[in-house]
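Full structure from sequences and hints, please.
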Amino acid sequence: MKRSSNNNNTNSCIRSYSLYLAIGILWTGCSTLATSAAVNENQSTQRYLQNVAVGSGSNSERLQQMLKGVGAAEINWPQRAKSQVTDVKTELAKLNTTYVYQNSWPTNNVKLGAVTAVSFDKAGNVVIFHRVDRIWDQTTFNTANVYQERNRGPIKENTVLGLEPDSGQVLYEWGKNFFYLPHGLSTDPEDNVWVTDVAMHQVFKFPPRGEGGKPLLTLGTAFHSGNGPNKFCKPTAVAVLNNGDFFVADGYCNARIIKYTKEGEQILVWGQNSFSGYSYDVAPANFFAIPHALTLVPELELLCAADRENGRVQCFYSNNGTFHSQYHSPLIGDRLFSMAYTPAAGGQLVIVNGPTAELGVSPPQDHNEVHGFVMSMRTKQLVSKFGPNNLQFENPHDVAVTEDGNTIYVAELSPKRIHKFVHKSLAKPMSLSATKQISNSDMSVKASDVDATQTRHHPSGKAIMVASMMLLFAGSTFALALIMARRRKRGNQVISSMPPSDLVYRELAASNQSCLPFGTHNRRHAWEKTEGFKLGGLLDRNGFEKLDQNASDEEHDQETTTLSQFA
1 MKRSSNNNNT
11 NSCIRSYSLY
21 LAIGILWTGC
31 STLATSAAVN
41 ENQSTQRYLQ
51 NVAVGSGSNS
61 ERLQQMLKGV
71 GAAEINWPQR
81 AKSQVTDVKT
91 ELAKLNTTYV
101 YQNSWPTNNV
111 KLGAVTAVSF
121 DKAGNVVIFH
131 RVDRIWDQTT
141 FNTANVYQER
151 NRGPIKENTV
161 LGLEPDSGQV
171 LYEWGKNFFY
181 LPHGLSTDPE
191 DNVWVTDVAM
201 HQVFKFPPRG
211 EGGKPLLTLG
221 TAFHSGNGPN
231 KFCKPTAVAV
241 LNNGDFFVAD
251 GYCNARIIKY
261 TKEGEQILVW
271 GQNSFSGYSY
281 DVAPANFFAI
291 PHALTLVPEL
301 ELLCAADREN
311 GRVQCFYSNN
321 GTFHSQYHSP
331 LIGDRLFSMA
341 YTPAAGGQLV
351 IVNGPTAELG
361 VSPPQDHNEV
371 HGFVMSMRTK
381 QLVSKFGPNN
391 LQFENPHDVA
401 VTEDGNTIYV
411 AELSPKRIHK
421 FVHKSLAKPM
431 SLSATKQISN
441 SDMSVKASDV
451 DATQTRHHPS
461 GKAIMVASMM
471 LLFAGSTFAL
481 ALIMARRRKR
491 GNQVISSMPP
501 SDLVYRELAA
511 SNQSCLPFGT
521 HNRRHAWEKT
531 EGFKLGGLLD
541 RNGFEKLDQN
551 ASDEEHDQET
561 TTLSQFA
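Everything in the sequence shown is counted per our numbering, starting at 1 for the first residue and increasing by one.
Every clue listed holds true.
Taking lysine to any residue pairs in the SDA-like style, the calculated list, with each CA pair at most 25 Å apart, reads:
#1 K380 - N319
#2 K424 - E91
#3 K122 - T107
#4 K205 - G264
#5 K122 - E211
#6 K205 - P229
#7 K424 - P165
#8 K380 - V88
#9 K176 - G124
Label-pair restraints from in silico Cβ distances:
#10 K424 - T477: 29 to 37 Å
#11 N230 - N319: 20 to 28 Å
#12 D133 - N319: 40 to 48 Å
#13 D166 - L480: 38 to 46 Å
#14 S476 - P208: 57 to 65 Å
#15 A474 - N390: 26 to 34 Å
#16 G213 - P189: 16 to 24 Å
#17 D133 - R378: 43 to 51 Å
Keep in mind the hints are simulated off the structure, nothing from the lab. Idealized CB from N, CA, C, for every residue including glycine.
Laid out in structure tokens, this is it:
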């Protein structure tokens with residue numbers, strides 16, 4: 001009777017579940033049609049993945065929480081809907097490192113805030129965009145995406161710096177008393193500079209090197225977000241074609257790409273919001289979860305976008321916005337912040353990812369490492385990785401690569417600095433004097449500037465090698481002294497066993513007295529005493545000096561401070 005009752009209950013549950021499932025499918029279909037109709041009538045309606053609910057479960061709520069910087073533990077993340085890679089850590093370890101970190105670049109007098117963008121001017125100088133003293137945290141914007149620190153006024157220091165590519169010295173700088181929260185920067189074939197400010201919700205075109213300090217073109221309404229033809233919501237990046245037409249990634253809220261004529265008239269727009277908190281193995285084309293950076297592939301006439309929270313690169317035909325291809329690797333993970341294109345080796349994308357924990361709590365089986373990656377566009381496979389001294393980044397935000405693929409620059413939010421990498425085939429070994437200069441400069445920076453604005457240098461591999469050689473030399477010297485002392489001991493034993501009247505005894509004693517380093521009067525040694533070996537006894541003998549116990553120990557006063565901030 002119990003078994004029959006259980007079977008009846010089971011069948012009843014199955015029938016009920018099937019009924020609910022059918023109703024759910026019909027409701028989803030109707031909702032999709034209704035949403036599509038609403039979108040056609042009103043372009044301001046946000047659009048998400050077809051099988052992800054809008055409202056209760058609420059991707060829009062999660063997106064707003066993420067944009068405000070709410071802690072990951074407070075966000076209700078959906079279950080992952082993708083296949084897992086069995087051993088990401090092992091596969092990452094197999095990747096080659098083909099770029100060498102330039103620890104001494106830029107020169108140490110370059111003080112930076114959070115570096116958000118990096119590009120090149122027409123002369124090949126490195127152009128960076130940084131926030132000086134501004135930080136984007138959970139209080140920077142309200143839920144309506146209105147900037148909350150407007151009363152502070154614009155940043156009073158220069159935000160755009162042009163750096164000499166070899167030394168990193170500042171060649172020119174501009175952009176003070178204008179920007180509030182810098183984000184993207186790029187240059188066009190005429191050397192004009194295009195920048196975005198997420199606080200102002202605007203895009204600006206400046207003349208070469210910001211001459212005159214006033215923009216040639218301004219798009220968007222200052223401090224007013226929107227998704228119409230003349231408004232943006234936290235735009236992230238700009239890319240410019242040779243004919244002057246340009247693209248804007250818009251951005252954190254609207255998840256779209258807009259193409260304009262050279263004069264700033266809108267040509268076309270595409271993209272839908274797919275923010276869900278994790279990436280997809282095969283995400284739908286034209287859906288974005290924060291299009292965060294743009295790059296052009298001239299040979300294929302493509303525009304590629306870093307689909308940040310979907311962990312992929314999407315590429316489109318630049319003439320009409322039609323989807324072309326996407327590039328994703330489980331080794332990169334769920335967050336891909338920026339990419340840059342180089343035609344080297346048949347076409348490669350240089351990519352930087354980001355820390356997963358900043359968005360959601362990663363499942364235990366997920367392994368995430370923050371590196372730079374080089375991906376072949378032909379095979380869609382990663383060919384190498386790179387990082388500061390072959391270690392990981394903390395919060396990389398943008399990347400640029402020279403056309404020949406030999407030099408890479410990475411902009412990082414925290415620590416606040418710009419990194420340089422050179423292909424190992426061209427990298428020059430660092431001299432001992434340069435290593436010493438870097439070490440001393442790091443000490444001076446830490447001693448004089450312990451606040452959040454200091455730049456941090458990673459220990460050089462050359463410095464480690466030099467220190468190892470010095471230790472080896474000291475050990476060899478000590479071993480040599482020990483051997484010579486033992487030989488003297490043996491000589492004394494032979495001499496003492498001879499008859500005192502023997503002439504050889506006197507000759508050996510005389511030669512022993514004049515040649516051995518410690519003299520024959522020291523018959524016993526520190527290591528011969530019954531209480532065992534004591535280095536202090538040895539150092540107090542003739543031929544050695546005691547160590548100065550009052551020597552400077554300023555290196556013990558140095559501390560390393562780890563800062564966490566929102567991107």
